[in-house]
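Visitor: Sequence:
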Amino acid sequence: MRVALLLVRFAAAVVGDDRWREQWEADVVGARELGMSPLGVAVGAVRAVVAMPSKGVAVAGIGPLGIALRHAQTPRGRVLAIAVVSALLLLGGLVLLFA
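Start counting the sequence shown at 1; every next residue gets the next number (my numbering).
One or more hints might be untrue.
FRET-style restraints, in silico, Cβ to Cβ [stated by the list, open to error]:
hint	residue 1	residue 2	range
1	Leu80	Arg2	23 to 29 Å
2	Ala99	Leu34	53 to 59 Å
3	Met36	Leu97	27 to 33 Å
4	Phe98	Arg78	48 to 54 Å
Don't read these hints as lab results, they were simulated from the structure. Just so it is clear, CB atoms sit at the ideal spot from N, CA and C, and this is done for glycine as well.
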C-alpha cells in the first residue's frame, strides 16, 4: 500500500493539484474494501496523468523543453515523448561530434 500511495503522490505532484492527491489517496485506501488492488488503482492514476492535457505554461523554454512546452495543449504523454526524442537527438549529435 505504501508503494501505491507514493505513486499517487507522484502523479498528483506532476499534475500540481492537491485535490487530485486527496482523491487518489482515498481511492487507494478504499481499494481493498471494493476487492481491487491498491497498486492497480495507483497505476490507473499515473495513466490518467499521462492522458490529461496540460494547462499550458507561462514561460517558453529553450531546446527540447521549449519544443515540448509549445505543444502544451496535447496530452502529457505526447509532450514527454517529444522531450525525450529531442533530448536523445541532441545527445546523439554530441556523441557524433566528439567521436
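Visitor: Does each hint fit the structure? Answer for all of them.
Guide: Hints, one by one, checked against the model:
1. Separated by about 26 Å at the C-beta atoms, Leu80 and Arg2 satisfy the suggested range of 23 to 29 Å.
2. About 56 Å separates the C-beta atoms of Ala99 and Leu34, a value consistent with the hinted range of 53 to 59 Å.
3. At roughly 51 Å, the beta-carbon separation of Met36 and Leu97 lies outside the given 27 to 33 Å, and the hint is violated.
4. At about 31 Å, the beta-carbon gap between Phe98 and Arg78 misses the expected band of 48 to 54 Å.
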